[in-house]
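Trainee: One letter stands for each residue in the lines below.
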Amino acid sequence: MKARILYYGRLLVSSFLLFVAVVTVLFFLLELAPGDPVQALVGDVPLSDEFRERIVASYGLDKSVWERYAIYLGNVLTGDLGYSFATNREPVLDLIASRIGNTLALAVPSFLLSTLGGVVLGSIAARTRRRWLDSGISGSAVGLFSVPNFWLGMLLILVFAVWLDWLPTQGKSPYGQSGISLEYMVLPVITMATSELAYKIRIMRSSMIESLGQDFIDTARSKGLSSSRILWNHAMPNALLPMVTVSGYSLGFVLAGSVLVERVYGWPGMGLLFVEAIERKNNMVVLGIVIVLTFTIIIVNIVTDVVYGLVDPRLRDRFAPKKKELVA
Amino acid sequence: MTTQPVTATETPRPEHPAPGAAPTSDREPDGVRSPWRSFFGRPSTIVFVVVLVVLALAAGIGPFFVADPVATAYPKLLPPGGEHLLGTDMLGRDYLARVVYGGQVSLMVGFSVALLCLTIALVVGGLAGYYGGILDAALVKVAEFFQVLPGIVLALVAAALLGSNMLIIVTILAITMWPGVARIVRAEAMRIAQLGYVESARAAGFHNLRILWSDVIPNAMPPVLVATSMTVGRAILIESGLAYLGIGDPGNPSWGALLNSAQSYIRDGWWLALFPGCCIFLVVLAVNVLGDSLNDTFNPTLGRVK
Amino acid sequence: MSAPGTPPLVAVEDLRVVLPTGHRTEVEAVRKVSLVVHDGERVGIVGESGSGKSVTARAVAGLLPTSPRVRVTGSIRFAGQELVGAGPEAWHTIRRERVGMIFQDPLTSLNPTMRIGRQVGESLPGERDRRARTEKVHEYLRQAGLENPDRIAAAFPHELSGGMRQRVLIAIAIAKSPSLVVADEPTTALDATVQQRVLRTLDDTVSELRTSLVLISHDLAVVAGMTDRIYVMYAGHIVEEGPTDRVLEDPQHAYTRALLRSVRSLTDEDTELYSIPPALRRELTAEVTGAA
Chain Y
1 MKARILYYGR LLVSSFLLFV AVVTVLFFLL ELAPGDPVQA LVGDVPLSDE
51 FRERIVASYG LDKSVWERYA IYLGNVLTGD LGYSFATNRE PVLDLIASRI
101 GNTLALAVPS FLLSTLGGVV LGSIAARTRR RWLDSGISGS AVGLFSVPNF
151 WLGMLLILVF AVWLDWLPTQ GKSPYGQSGI SLEYMVLPVI TMATSELAYK
201 IRIMRSSMIE SLGQDFIDTA RSKGLSSSRI LWNHAMPNAL LPMVTVSGYS
251 LGFVLAGSVL VERVYGWPGM GLLFVEAIER KNNMVVLGIV IVLTFTIIIV
301 NIVTDVVYGL VDPRLRDRFA PKKKELVA
Chain P
1 MTTQPVTATE TPRPEHPAPG AAPTSDREPD GVRSPWRSFF GRPSTIVFVV
51 VLVVLALAAG IGPFFVADPV ATAYPKLLPP GGEHLLGTDM LGRDYLARVV
101 YGGQVSLMVG FSVALLCLTI ALVVGGLAGY YGGILDAALV KVAEFFQVLP
151 GIVLALVAAA LLGSNMLIIV TILAITMWPG VARIVRAEAM RIAQLGYVES
201 ARAAGFHNLR ILWSDVIPNA MPPVLVATSM TVGRAILIES GLAYLGIGDP
251 GNPSWGALLN SAQSYIRDGW WLALFPGCCI FLVVLAVNVL GDSLNDTFNP
301 TLGRVK
Chain Z
1 MSAPGTPPLV AVEDLRVVLP TGHRTEVEAV RKVSLVVHDG ERVGIVGESG
51 SGKSVTARAV AGLLPTSPRV RVTGSIRFAG QELVGAGPEA WHTIRRERVG
101 MIFQDPLTSL NPTMRIGRQV GESLPGERDR RARTEKVHEY LRQAGLENPD
151 RIAAAFPHEL SGGMRQRVLI AIAIAKSPSL VVADEPTTAL DATVQQRVLR
201 TLDDTVSELR TSLVLISHDL AVVAGMTDRI YVMYAGHIVE EGPTDRVLED
251 PQHAYTRALL RSVRSLTDED TELYSIPPAL RRELTAEVTG AA
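Protein chains in written order, with full-length UniProt numbering: chain Y, 1 to 328; chain P, 1 to 306; chain Z, 1 to 292.
Heads up, some of the hints might be wrong.
What the hints assert, rightly or not - Which residues of chain P face chain Y? A few of them, derived with a C-beta cut under 10 Å, are:
1. W36
2. R37
3. A58
4. I61
5. G62
6. V66
7. Q147
8. A158
9. I236
10. L245
11. R267
12. P276
13. L285
No lab work stands behind these hints: they were computed from the structure.
Virtual Cβ for every residue (Gly too), placed ideally from N, Cα, C.
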């Protein structure tokens, strides 16, 4: 029990420090920004003198760098990410909250699809005797891995919207309707899932090949088990272990990729908000989104670590006091 | 089971009677044959080396042969074919010229980022892996940092805050991508530092830095080169993404920037979206395939017989 | 020993095994090997690493790598049934019911994600009732010398010591009541003290079940105490065979003599360490390749 608390305590502390490090880097990037600091903070909006003074006061822009850093860090840690000055001084956190659901509506299905597809196709490629099938799957994976996903999105638009006229391409629902319509989701989800799929096929294939080459597979063969049973009961659980970590840790890249995909399809998620904020130099929003993104990724990494500890029996009781080994 | 005659397929060496399966045999084929020869012996290697060379040549000397990329002298949105091999764009500029000049930017970014990453990674990763200690712990933390903050996001923020030109983008990409390569240098350096010949070099009184430079780094190269070659592809992909989002040097549009302007004309000029994307795809694919075969030839795991 | 007229349990004739070593290279690991194992007999195969003894054993147990580039020719007959060229179904049956295999490295030969009880239970053919199954698993674990079988069955491999894991592998091998147990260097990966006890367990179980045993080892001392007959292998060939006592006391072949000398030099303190001289190695090589 004590070991468990110690382990998770250290994990939490190091995650917290990582978060602080990211916020620190962002703060100093903001400091490095050339030009008027108030304008850098507020973005490309006209300012009255009175408003300017209020900003200077509330962000302590007249104070020293270190004091301002302390104020900023304090604000972030208490959940205050500032205001978007481009809109009606909407809190950045509210702005993000209104968009994050749309991003997850793409990210979650594409995560599930790509994981499932990666496991199935990667296993087939690893196990098949037919060389062409393995080369086909592995080759497609390298191919998909090399396609810029926003360009893939453009091609899909060209084919399915422009030429075939089957699917809509911009936004999340027909004009004037709220909510998300399924037909609007199809192309963005495919686009987002593809590059993840390619990555996961590669990981799963090599992990499965490794697993099938282990000595315990020979033991299973020596029991006269059928090859499908060897695959499902012996090779698969061991091959899936690395997939847990890889899927969890790849989340950052998935979310980063969503910026491009949302832009291609005009999907009003966090990524599009991010791009719009960058274009308008709405820096409070830019930093706010990165902070929320970092926070999410760190949390998912912690969860991944915990889940991995639960699924791998060698780690499941890493906290148990060392059992006295019986001697044979 | 086949009943073919059972013979080893490599050429016989008459001086040495084949010692059969004894492990001391000099029949270890991959050790005798140069890995480079087996690397270039693959058909896929040849194909993609050619692809890479053609695209690099097009970007390098192409500008001497194509039209002026900024002259708006031609009809707008002319489809490919005839006088304009890749058609013209929305302002009536020759698209082949635009794609060729765009390639210069994309390839430059890709290769300079990889070179920078390799340099930083060799220094930091080598020292961290060989000496361990604080430097090592710091490297692990920095790598963790960039795992949490994806390169493209940091690059977007930095470009938004600091402005965007080629130098800034190359620097930022290198800063975010070097830890990936450094981790591999570190792991290799750690492994090699414990090998016999390093121990004996140390016992012979050679200076540590000299051992690092002449024994450790050269032996760490194969997997490091694989990682570096993958970095070229990823840097080109990330740069194209940044440019697609409008972050880049407006005076020198890369392939990604061409795609950015192509998006609005996708209904009227499909070729504007198709060609730059194809180029990105081909370069990245070539780099990834070559990296894969490098990996297969230098870090072989296949063909092990227990 | 089998009655005259009935075929021996295992009869291998002119066995050749070719294994791939690289993308386009291969090696003939076993060349023209013939051997016989009778019912209830214990047979040892000795030789240095790379001599082909493990590959021979794996061929008999049907556990060669599954790559289509592995080529087997000659004849392996199990109780008269020809298995070279037989379909996977025939091999499945042999592995499920007739041959138990004990592997070299107990640390990697058990599935790290599966509980011991289930891994042993998989080796019980046709037992459907769950309680009877658990009962049997416990029984075999106990027979393999493991006390507290219920605790062991609930454990994962990493919770057991190397010796205990090797006992689990013994339990897996005997759980199907096989006619033949093939043990490939069963104690090489274990501590010297544990080795002796695991060997004794193997000895006892095999005697109790009256199964035949093929014991592969590079260690003549291990084979000497446990087998009736031995085969000496070098470079994929059998260079000498005979009753264990006779071969050890009066070796006929130069290689066997050299092998014996190198073992004795390890145990007798006053002689210097003996290794097979290069001249003999050249001679042996010429002999076996000439014979091939």
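Trainee: With chain Y as the partner, please determine if P/V66 meets the hint condition of a C-beta pair closer than 10 Å.
Mentor: violated, 22 Å
Trainee: Hey, does the P/R267 contact hint survive, CB to chain Y under 10 Å?
Mentor: holds, 6 Å
Trainee: Does P/I61 pass the interface check with chain Y, least Cβ-Cβ distance below 10 Å?
Mentor: Status violated, d = 25 Å.
Trainee: Under the criterion of a CB-CB separation shorter than 10 Å, is P/W36 in contact with chain Y as hinted?
Mentor: It is violated, given that the least Cβ distance between P/W36 and chain Y is near 22 Å, above 10 Å.
Trainee: Would you settle whether the hint for P/L245 is holds or violated, based on the nearest Cβ-Cβ distance to chain Y being less than 10 Å?
Mentor: With Cβ-Cβ at 6 Å, under 10 Å, it holds.
Trainee: Just to be careful: measuring from the Cβ of P/G62 to every Cβ in chain Y, is the smallest value less than 10 Å?
Mentor: Result: violated, 21 Å to nearest chain Y Cβ.
Trainee: Given P/P276 as an interface hint, is the shortest Cβ-Cβ distance to chain Y below 10 Å?
Mentor: holds, 8 Å
Trainee: When the nearest CB of chain Y is found for P/Q147, is that gap smaller than 10 Å?
Mentor: Holds, about 7 Å.
Trainee: A closest beta-carbon separation below 10 Å is what the hint needs, so does P/L285 meet it against chain Y?
Mentor: At about 4 Å, which falls below the 10 Å cut-off, the nearest Cβ of chain Y leaves the hint on P/L285 intact, so it holds.
Trainee: Quick check on the hint: P/A158 CB to chain Y CB, less than 10 Å?
Mentor: Holds: closest Cβ of chain Y sits about 6 Å from P/A158, inside 10 Å.
Trainee: Can we keep the P/A58 interface hint, with Cβ of chain Y closer than 10 Å?
Mentor: The hint is violated - P/A58 has no Cβ within 10 Å of chain Y, the shortest such distance being about 18 Å.
Trainee: Just to be careful: measuring from the Cβ of P/R37 to every Cβ in chain Y, is the smallest value less than 10 Å?
Mentor: With a minimum Cβ separation of about 22 Å from chain Y (threshold 10 Å), the hint on P/R37 is violated.
The structure is inconsistent with the numbered hints 1, 2, 3, 4, 5 and 6, although it conforms to all the rest.
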